[in-house]
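*Asks:* Sequence:
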Amino acid sequence: MNTQLKSKLITELVWLVGIVIASAAVEYIIIVLFDLHPIFSVKAQGFIGLMVIAYGIRMMGRLGKEANLFADSEDENKIE
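Read in order, the letters of the sequence shown are residues 8 to 87 in my numbering.
The set of hints was computed from the structure by calculation and includes no laboratory data. Just so we're clear, the structure is a prediction, and the values are computed from it rather than from any experiment. Any given hint could turn out to be false.
To be verified - The following label-pair restraints were derived from C-beta to C-beta distances: (1) I17 to V49: 30 to 38 Å; (2) I17 to F47: 35 to 43 Å; (3) L12 to G56: 24 to 32 Å; (4) L40 to Q11: 38 to 46 Å; (5) R65 to S14: 17 to 25 Å; (6) G25 to Q52: 16 to 24 Å.
Glycine residues also receive a C-beta, built at the ideal position from the N, C-alpha and C atoms.
With these hints in hand, go ahead and build the complete structure from the sequences.
*Replies:* Okay, here's the thing in structure tokens:
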């Protein structure tokens, strides 16, 4: 793995961890501040969780496109 890819991977993982921490804080503030019914708090948690999962998928897509991580090994071995 080259250094540019490692740098990009570390940057993306730091962003993902930051988003998880920020979403946990926002979730806690929403639940405590508005004193939500348990069903609504679960819905808020689910919505925030889906946003974090979507960012993770987007991150893997960008890294995969940039580094060609998901290429088949057969494609690499072909001689043109």
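*Asks:* Hint by hint, say whether it matches the structure.
*Replies:* Hints, one by one, checked against the model:
1. I17 to V49: 30 to 38 Å: holds (33 Å)
2. I17 to F47: 35 to 43 Å: holds (37 Å)
3. L12 to G56: 24 to 32 Å: holds (28 Å)
4. L40 to Q11: 38 to 46 Å: holds (42 Å)
5. R65 to S14: 17 to 25 Å: holds (18 Å)
6. G25 to Q52: 16 to 24 Å: holds (18 Å)
In summary, this structure violates none of the numbered hints.
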